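Protein chains in written order, with the numbering used here: chain A, 1312 to 1615; chain B, 599 to 855; chain C, 599 to 855; chain D, 15 to 281; chain E, 664 to 927.
Any given hint could be a false lead.
[Unchecked claim] Straight-line Cα separation of at most 25 Å, SDA-like style, residue types lysine to any residue; simulated pairs: (1) E:Lys769 - C:Lys690; (2) B:Lys808 - C:Tyr810; (3) D:Lys64 - A:Pro1366; (4) E:Lys925 - E:Ile910; (5) B:Lys690 - D:Lys278; (6) E:Lys925 - D:Glu180; (7) D:Lys117 - E:Leu909; (8) D:Lys117 - B:Asn611; (9) D:Lys117 - E:Lys769; (10) C:Lys690 - D:Ala181; (11) E:Lys921 - D:Lys278; (12) D:Lys121 - B:Gly746; (13) B:Lys690 - C:Lys690; (14) D:Lys117 - E:Ile692; (15) E:Lys767 - C:Ser654; (16) C:Lys690 - E:Glu826; (17) E:Lys769 - C:Ser666; (18) B:Lys614 - E:Lys769; (19) E:Lys925 - D:Arg25; (20) E:Lys921 - D:Gly131; (21) D:Lys278 - E:Ile692; (22) D:Lys278 - B:Arg740.
[Stated by the list, open to error] Distance windows between CB atoms, simulated: (23) C:Ser742 - B:Asp784: 46 to 54 Å; (24) D:Ser123 - C:Asn714: 44 to 52 Å; (25) A:Asp1603 - E:Leu689: 35 to 43 Å; (26) C:Met599 - D:Glu24: 12 to 20 Å; (27) C:Gly612 - E:Asn842: 43 to 51 Å; (28) E:Leu689 - C:Glu809: 24 to 32 Å; (29) C:Asn620 - E:Ile922: 25 to 33 Å.
[To be verified] Which residues of chain E face chain C? A few of them, derived with a C-beta cut under 10 Å, are: (30) Ala719; (31) Pro723; (32) Ser727; (33) Thr731; (34) Asn827; (35) Met836; (36) Ala838; (37) Gln845.
In case anyone wonders, no lab produced these hints; they're calculated from the structure. As the structure is a computational prediction, the values presented were derived from the model and not from experiment. Cβ atoms here follow ideal geometry from the backbone N, Cα and C, with glycine treated the same way.
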Amino acid sequence: DDTNEGTTGTDEGTEETTEETNEEEANADTYVPESLIVQFVPSQNAETLEARAKPLEDLLQEQLGIDVTVNVSTNYNTVVEAMASGQIDIGFLPPNAYVQAHDEYGAAEVILQSQRFGVNEDGSPTEDLVDHYFSMIIARADSDIESLEDLKGKTIAFQDYTSSAGYVWPAGILLDNDIDPQTDVNPLTLQGHDAGVTAVLNGEADAAAIFQDARNVVVNDFPTVFEDTKVVALTEKIPNDTISVRPDMDDEWKTKIQQAFIEIGQSEEGLEIIRDIYSHEGYAESQDSNFDVVRDYAERIQGN
Amino acid sequence: MIELKDVSKVYPNGVKGLEDINLTINEGEFVAIVGLSGAGKSTLLRSINRLVDISSGDIKINNQSITSASGKSLRLMRRDIGMIFQSFNLVKRSSVLRNVLSGRVAYNNTFRTIFNLFPQKDVNLALKALERVNILEKAYTRSSELSGGQQQRVSIARTLAQEAKVILADEPTASLDPVTTKQVMDDLKKINKEDNVTVVINLHFVDLAKEYSTRIIGLRAGKVVFDGPAKDATDEVFQEIYGRSLKDDELLGDEIE
Amino acid sequence: MIELKDVSKVYPNGVKGLEDINLTINEGEFVAIVGLSGAGKSTLLRSINRLVDISSGDIKINNQSITSASGKSLRLMRRDIGMIFQSFNLVKRSSVLRNVLSGRVAYNNTFRTIFNLFPQKDVNLALKALERVNILEKAYTRSSELSGGQQQRVSIARTLAQEAKVILADEPTASLDPVTTKQVMDDLKKINKEDNVTVVINLHFVDLAKEYSTRIIGLRAGKVVFDGPAKDATDEVFQEIYGRSLKDDELLGDEIE
Amino acid sequence: MKSTDSLKRERLIRRAKYSLLFIILAALYTWAFASLEFRGLLDTAWPVTKNIINGFISPDLSYIYNPQGEDLIRGLLETLAIAIVGVVLSVILAVPIGLWAAKNLSKYSLISHGGKGTLSFFRTLPDIILALLFIKVVGPGAYAGMLALGIGAIGMLGKLYAEEVEAMDPGPVESIVSVGGNKLEQLAFGVIPQVLPGFISATLYRFEINMRSAATLGVIGAGGIGTPLIFAIQGRSWDRVGIILIGIVVVVLIVDLISSALRKRIV
Amino acid sequence: MMDTKLNSELPLKPSRLSFYLLLLALFVIVFVSALYIEADPLTFVQNSSNMLDLIARMLPPDWSYIVTTTPAMLDTIRMALLGTTMGMIFSIPVMFLCARNVFKSKWLVETSRIALNILRTIPDLLLAAIFAAILGFSPLAGIVALSIFSIGIIAKLSFEAIENIDNGPLESMDAVGANKLQWIAFGVVPQVLPHFVSYVLYTFEINIRAAAILGLVGAGGIGLFYNRALGFFAYDQVLALILYTLIVVIIIDLISLKIREKLL
Ligand SMILES: Nc1ncnc2c1ncn2[C@@H]1O[C@H](COP(=O)(O)OP(=O)(O)OP(=O)(O)O)[C@@H](O)[C@H]1O
Ligand SMILES: Nc1ncnc2c1ncn2[C@@H]1O[C@H](COP(=O)(O)OP(=O)(O)OP(=O)(O)O)[C@@H](O)[C@H]1O
Ligand SMILES: [Mg+2]
Ligand SMILES: [Mg+2]
C-alpha cells in the first residue's frame, strides 16, 4: 500500500536481485530476497553499546535459511538511503527516522517493534515487556525545580530537534503546560543524552531532557548520579525502535522475517543475545499507525 | 643559421633585458657572448630557443621563425637546439643515463619515453655521448652523487645525445676548477669542429672567450656593444664592454633598478 | 693564529677529505688555497671553524683548541671567525639587513635578537658594513631580489659586521663576472689590510690567487703539496697541484672513488 | 644622500603596512574573543578525566582477540585494508588534479585556479555526504568506506601535491622544454622525479589519517575499528576506548617504520 | 672499435630486481586488500546512477538556509580562528622538536614524534568528552579541543617542511656562533614561514569543516545545522550548507595564496 514513486533501485540493486527479477517476471513488483542485508544503528536508549553484528547474523540465518549480513552503523541517514536504493533489506530505525523514511521516501515499511522492560523511577527495569519507552526531564536533586512550571526561565539541555526523547516529547509536555521550549526557557542543544546528564551534574543546565534512563550511561563516571538528580517529569509513551523492511518486500517474506525475529526473542539463546547486545527483550508485530503519535508530535512542534 | 631581427625583451616588471638586437650567426660558428652580470646574456641565449618570449622583433632558425612557431613545430625546432644551463638543470635524483636520454624525448613516442622504453639506438647514442665526455662509467649513478664538473659534463652529454645542430651554453664553466673548465671548453670545441655544430656560449672570462671562440659579442645593458672576430677583441674593447673602471662604485646597483 | 696539527678527516663513506695536515697561519696573512675539485679545500676551510668535525688531530685558534671546544665557548670562538660561503648561504626571504645583522647574534642577548631588537650600535655596524661593500641602498630589499654578485657582497658584509678576526672564504667569486670578482677580492684585501684580519680563501683561479694572496697552499687529494709565498708559485707548481696534463682523460673520476 | 632618503621612505611604508595589518588582526581577535567566557574548572572535570585515564591504564585486553570475530585485531586489519585501497584510489585521482592546480605548470593562472577550486570543492564535501552517496551505490560495508575515504582525501592530497610542485626547482623542466619535450614528457622527466619524495610523504600522511578515520567508517558500517570506537566513546567505556586507541597507535607506528625503511630504498 | 670500448667501460647495469620486487609486493598488498574488502569496480559502475537519486534531492539548494545559518557560521569561524591560533602557538615548539635537522639528539626527536603521533590518534569525539567535562559545554571547550586537534596537523606538516629546508643558512648561523634559539630564528624560521602559514590556514579551513567537534561540546556552530538538516532528510539544506562552506573555504584559499605569494 505504501509503494510510491520513491522506491528506487529495487530492480537493479544487487546482482542477485537482477537475476531474480529475470526469473520471476510475474512477480516483478515484489521483491523476493535470496539473501538479506540488515543494517541497524544501536538505539540511543540502549544502555550498553556493545554493537556486534555476528550473533544476530547467525540467529537470523538459522531462522530464515538464507544468507544474512548484519551491518552496524552510527547514522540513520545511511540506513534510510541504503534502503531507498535497495542496498539493504531490513533496517532498524528509530520512530522519527522511520516516519521520515516512510512518508517522504516510501523507503521503509514497519513490520516489528523492539520490546524492552519498562524502567522504574530509580532507573531499574520493571517486569513488563513494553514496546515503548519514556522521556524525562531531570534536575539536580538539590534544586528548587519541582514541577514543569518551575522550568520557566531556566536553562534546559535538549538534544537536537530530530530526537524524539531528547526534544520532541519533552517539548510536547512543556507546550502542554504552556511553556514554549524555545522562548520561555533557555534551551541548550547538546549531542548525546549523556551530555545532558553531565550538563545537569556540573550545573551548566538546570534541567535536561533525556530518555529514561540515560543516567545509566554515565553511572560509571558519576556513581552517585541517581542520588544527585531527580526526575521532574515523565513524558508520554514513545514508540520503540522499528524493524522495517523495504516496501516492495514480498508479503510472504515479511511474515517470515516477522516470525524469525519474534522467535529469536522467545528462544532462550536468542533472548540472551539480543538482550546483551541490543538491550532488546523481544520483538512485537507493529504497523504504521503505531507511529501516528510521532506524526502528531512532529506537527505540534512544527506548528509551534 | 640564427637570425635575430630587432629583438627586444621587456620583462613584466619593466626591466629591459634586450634592446634592438640584430645578429646573424652562421652555421659552424663558435660565438662567445660576454658582458657584465645583468647585461642580458642569459636573456639573449634563452630567447633563441624561446625559453624567454621576446617582446618584439623576430628570431629565425634556418629561415624558420621560432617566434611564431608553436606546438609540434616549436618542439621540433627546439629539438635541434641543445642548451647547457649554468646550473646544469639535471634531475638530481634520476640516473645519469636517464638524464642523458631525456635529450632524446622529442625523437620518440611519448608513451615509450615515459616508461623508459627508449630504442636501443637511442641508448647507444646516450652511452656514446657519455663516453665522449669521459664519464661513461657513471651511467647508472644518481646524478646527485656527482661533483659539479661531472654534472656539467652530463648536461653536455645530454646535448650531444640530442644531436642538436646548435648548442647554447650559459656560463657552462662557472664554479669549475681550471682543469675541468678546460676540459668542458675542449669538449665544446670538439663538437663544434667535428660535427659542425654552431655554439653560442655565455662566458664570464675574457681569456676563455678569446681562446676558444671565433667571434665575440659584447653585451651591455641589453645592447650589442661589440661584435667581431675574437682577435679584434682588444683589452680596450673589453674595457668598453664592462663599462667603467673596475674601481667604480656602483656597478651592480644600476642595472637592477 | 690558526694551527692545524696532524689533521685528518675521513668522511663516513670512507672518503679521505684531509690527510695529516700541518699548517700554521699567522695573524694578518692572506692565504689562498688552491687545488682540484675534490682536493679537500672546502673540507679544510670548514674544519677550521668546525663546521666539519675532524677525525684526528687538533686545530687551535689563538692557542685555544676548537676541536675540543663546545657549547658557549665554541660559539664564542666561532663568533670570531667569519665565513663566506660559495653559495652565499643567505636566507633568501629575509631582508639584506637582517642577513647582515645575523652576524651579530653571538654578541647579543638571545631574546633581543630573536625579536629583531638589535642595539642601535649593531644596526649602525651592519649599515656601515653594507656601505663598505657598496650596497647600502639595498638594506631593506629581500635578498632574493639581488643578483649573484650582490648576494655575495651581502655575505661579505655579514662577515664584516661580525667583526671577525679571521675570515674564511670558500670560492667567493665563482660565477661572478670579472668586474664583480675584482670588487669582491678588493674588498677582502681591504679588510685584510685595514683591520688586520686573517683571510683564508679557496680559489679556483690561479691568477687571482697569485694577484691577491701573500701565501698559497696547494692541496691535492687531501694533502698539502705546496705551501709558500705567492711569488714562489710558478707555473710548474700549479702543474703539480693540478696533477696531470690538462688533456688527461679521467681527472674527476678518480677523486670521487 | 639619496640612499638614506629612500631608506627612510621604505621604512615608513613598511611601518604603515604593518600597523594596518596589526589593526586588522586586533579587530579580528577582539571579535573572536568576545564570545568567550571562562567558568573555571567544573565539578565533573576530575571524575571524568580520572575515569578516562583509568581506562587507558587498564585497557580492555579481552577485546584484543575474540574467536567469533569483531575484535580489535580483525577491526584493525579491515581498517588497514580500507585505508590502503582508499589511499591508492585517492592518489590516482589526486595526482592529476594536483598537477592541474599547480600554478607553475600552467601558463595561465586561470587554469590552475580551476584546479584549486576543484580541490576546494572536494575538501568541502562532508564525509557524511560521501558516505551516503557511496552507500547507495555499493551498499554498506568496507567497500563504501574505502570509496568515501578515497574520494574524501582528494582535496587534501591534491592541495599538498600542488604545493610540493609549486616549490620545486624549475630548472629540470626548463631543460626538457629546451630539448623539445611535450607536456607529458616534461612531467615524466622534469617534475615527477623531483616531487616524488614529497608526494610519498604526503601520501603516507594521508594513509595514516585514513587509519584514524573512525568516524567516517563508523557512519558507513564499514566493519573496521571505527564503529566499535565510536560506540565505546558514546557508551563511555573508557577501557575499550583505551585498547582501541593503543591498537591504532601501534599499527600506525609499525606502518611508519616499514614505510620509512622502504622510502630510504626508493627515494 | 667504439663499441668494444663501450662494453669494457660501461658499468654493470644495477639490478632493479629489488625495486621491482618491492613494487610487486605493494601491488599484491593493494590487490589483496581490495579483495578483502570486496571492492568490485563492476558493482560501482552498475549502480552509480543511484547517486543521482540523492543528488536530485539536493537540488536546488535551499538558499534561505544560508541566511538561517549565518550566525552559526560566524560562531564556527570565530571558534575555528581561536582554536587554530592556539594550536599554531602550541605547535611551534613541537615542530622544532620533531625535526631531525634542528635537534640532533635522536632520542629527543623520536620521543617527540611518538608523542605527536599519539596526540594525533585521539579522536575528536574523545577530545570533546574530555574538554566538555573539564570546561563545560561551551565554546571554550570547543576551542581547546580544536587547538589540540590543530597541533597534530600543523606540527606534522611543518616539521616535514623544516626537514626539507636549505642547509646553507643553517651552516652560516653555525659559523657566526649563534645559539640554538638564534639559529632557529635566523636560519629556520624565514625558510619555513611560507609553508607554516599555508599549513595554518589549511588547518583553519579544516577546523571550519570539523564542525562536528564543536557540536559535540555543545558549542553550537554549523555542525548542529548539518545534523539537523540531515535528520530531517532535508538535503537541499545540506547542499546550501556545503556551498556556504565552499565559499568560506575558497576565501581562505585565496588569502592563503596571497600570503604565500608574498612570502615565497
Ligand atoms: N624573470 C625576470 N623578471 C624580471 N627581470 C629579469 C628576469 N630575468 C632577468 N631579469 C633582468 O633582466 C636583465 C638581464 O638579465 P640576464 O639574466 O639576461 O643577465 P645576464 O647577462 O645573464 O647576467 P648574469 O651574468 O648575472 O647571469 C637583468 O637586469 C635582470 O635583473
Ligand atoms: N659530506 C660528505 N660526505 C662524504 N664525502 C664528502 C663529503 N663532503 C665532501 N666529500 C668528499 O671529500 C673530498 C673533498 O671534498 P671537498 O668538498 O673538500 O673538495 P673541494 O676541494 O672543496 O672541491 P670543490 O672545488 O669541488 O669544491 C671529495 O672527494 C668529496 O667527494
Ligand atoms: Mg645569466
Ligand atoms: Mg669546495
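Indices of hints not satisfied (ascending):
When the structure is compared with the hints, numbers 1, 3, 9, 11, 12, 14, 18, 23, 24, 25, 26, 27, 28, 29, 30, 31, 32, 33 and 34 turn out to be violated.
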